[in-house]
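Under the numbering used here, the sequence shown has 35 at position 35, and the numbering climbs by one with no breaks.
You may find that some hints are simply not true.
The calculated DSSO-like cross-link candidates involving lysine-lysine, where the alpha carbons are at most 27 Å apart (straight line), are [unchecked claim]:
#1 K123 - K135
#2 K49 - K60
#3 K68 - K11
#4 K36 - K133
#5 K68 - K49
#6 K45 - K62
#7 K68 - K123
#8 K45 - K68
#9 K62 - K133
#10 K123 - K49
Calculated directly from the structure, the hints in this document are not laboratory data.
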Amino acid sequence: KKAIIDPSLFKYKVQPIKKHLYEAVIVKASQLSRRKHLFSRDRLKLFLKQHCEPHDGVIKAKATSIEKYNLAEQNFSYFFPDEPPTFIFSPASRRRGRPPKRASASLEDNIKPKQNTPGNKSKVSRERARFQKQKE
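Produce the entire structure from the sequences given, and follow the hints as far as they go.
Structure below.
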């Protein structure tokens, strides 16, 4: 297995947007940064919505984005110097967050079970139904 390369050793070629006014420059990793609040959860969600789509339970890049940015011609090693990661399959967790609080034994006897109505569907069930509608 290859040793992981120290990120501070990288140099990046920065290409200007207005190529007729500026030329490309090679900079060290320590010279690159982004302004605070430029990257946010909302911007990430927008990016994923514009360039990705769910396909058989896997999020994949849209064909238009692949064509626009020539992603079909690239591979993992073009973007990352280390070996591609190997992901171990793990089944989805049924529970998320805190477990519900338990009522006392005397109160449990008096509570009637809820009917399975559309208003009582779990969040997971609603999301699954929404994704099925999007596929159609």
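Verification of the hints:
no., hint, verdict
1, K123 - K135, "holds, 19 Å"
2, K49 - K60, "holds, 11 Å"
3, K68 - K11, "holds, 26 Å"
4, K36 - K133, "violated, 37 Å"
5, K68 - K49, "holds, 16 Å"
6, K45 - K62, "holds, 15 Å"
7, K68 - K123, "violated, 35 Å"
8, K45 - K68, "holds, 20 Å"
9, K62 - K133, "holds, 18 Å"
10, K123 - K49, "holds, 20 Å"
In this structure, the hints that do not hold are numbers 4, 7, in rising order.
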